Amino acid sequence: MGIWSCIGQDLHTVMESLKQGRSGIIFDPTRIEYGLHSGLVGNVPRPDLKPFLPRKFRATMSEDAEYAYMAARQAFEQAGLSDEYLRQNEVGLIFGNDVNMHMLDYMPIMEEEHDSMLLGPSALFKGETSSVTMNLGTIFHLKGINFCVGAACASSSHAVGLAAMLIRQGMQNTILVGGSCMLDMRGSAAADAIDALSHQNDTPQGAMMPFDTNRDGFVPSGGAAALVLEEYEHAVARGATIYAEVVGYGFSSNGTEEISAPSADGEYRAMKRALDDAGLQPSDIDYVNAHATSTTAGDIEEAKALTRLFAPPNPSSGSSETSASSPFISSTKSMTGHENWMAGASEAVYSILMMQNNFVAPNINLENVIDEAKDLNIARETIYTPINTVLSNSSGMGGTNSALVFRKI
Amino acid sequence: MTPQEIQEKVNTFMTDRLEYEPSAIAPEAELKRDLGMTSLDAVETSIFIKRTFGFQPERGAIKTLVTLQDLYDYIARNI
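Those sequence lines, one after another, are chains C and D. Per our numbering: the first sequence ends with 412, consecutive numbering throughout. Per our numbering: the second sequence ends with 171, consecutive numbering throughout.
No wet-lab data here; the hints were simulated from the structure. Some hints here could point you the wrong way.
Calculated from the model, a selection of chain C residues having no Cβ within reach of chain D, i.e. all distances over 12 angstroms [as the list claims (entries may be wrong)]:
#, residue
1, Asp198
2, Ala267
3, Lys275
Straight-line Cα separation of at most 25 angstroms, DMTMM-like style, residue types lysine to aspartate or glutamate; simulated pairs [as the list claims (entries may be wrong)]:
#, chain 1, residue 1, chain 2, residue 2
4, C, Lys59, D, Glu122
5, D, Lys101, C, Glu384
6, C, Lys53, D, Asp126
7, D, Lys142, C, Asp108
8, C, Lys307, C, Glu234
9, D, Lys142, C, Glu384
10, D, Lys101, D, Glu122
11, C, Lys146, D, Glu136
12, D, Lys124, C, Glu384
13, C, Lys53, D, Asp162
14, D, Lys101, C, Asp118
15, D, Lys155, D, Glu100
16, C, Lys59, D, Asp162
17, C, Lys411, D, Glu136
Every value quoted in this text rests on a predicted model; they were computed, and no experiment measured them. Just so it is clear, CB atoms sit at the ideal spot from N, CA and C, and this is done for glycine as well.
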């Protein structure tokens, strides 16, 4: 696994941040000067790639491809996949990705000089949504499947699920999966325009309040996360260290008319399908990494879906059963902000780190839980307990939902 | 602009912008074989020529040049 996020740029630091409930959110005044109402953003450093890559590669890399490269390096290294191995074997590549703002960098040249030749060679390769997979595939000499999945904030959760399906079907034995997201403020402006961002500019680290009555929107963040998915026997034969198994993938579309409205029913169906795919019951799940983005509508709908699945009313008593079998739930976005298209993959990494290290990361900034979530077992503080199965939920604008189930090996 | 000035500007572009090895820069150096010029670098070189020397190279012209000296001469002929 590899990670480049606002709570750390290596697995150990990220694990410590999760344990300590450390927020990676800052206030950036240039966002306000630019015209956003929210000046909040994840504090993600731009990597210096010059020590690693010649200009030939760097020249065509989008901002998110830079993050993805750093995460991919870590993942391949941890998996023991050398450059020589990648050149000689068929390794695939699927990343979740969506908005890419780079084409806007080049448009002033056209508007002022009216000569497309002056755009230069990098506009095309930097400006496409699949810039990430174009660049990673080239840099690492990958020979297998190669594409991006665009499904808003569920993109990289779907990427992990699709990769797992391809491996199950025997079409690929090893795929680098991941998610990446730019922090370009021009992209955040569109989310600000629909009043989806938090305006708690004075309290950056307290602004992400998933499931709290005082939440007022999300904080945009980004970076990249990457995981090497490999067919089990293949990994064993290679002598690889296996950290977790992808045992379930579920998906759904809301089927409703409103493009920005989340749906409890849609999310429930995706999570139920993931459990069915894994052959597990809700009571088998130890921890749920919720999508919960701290938006008004999103958290309510997800809480309803989670309650229906994990804490249904007890038919005999009529009350909900938040029992010992109810999984712990938290939204790591309370610390990371909303990593958008990166979130499915990054939350897979966060969840697997928790499984490896036997703890549940806290849902920070939760003081007054919303009514819809009152029957859920939300972890407000770090809980040290064995975690053997995780469900990670994701949802995206336009009604796309994805859920993944991981099991410790 | 003197041939010396053209050479200096081109060499600086090659090392600073395209990041070619300074030790490989020589008039007889072949653009592809010795410097590693790619087709995308050739596009970048066309933009450099337009911005620095004020003329637009013809489509595909840079790709037909073999050595760095050929490039100096091409610029000098068209400037």
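Going back to the hint list, which numbers does this structure go against? 5, 8, 9, 11, 12, 13, 17
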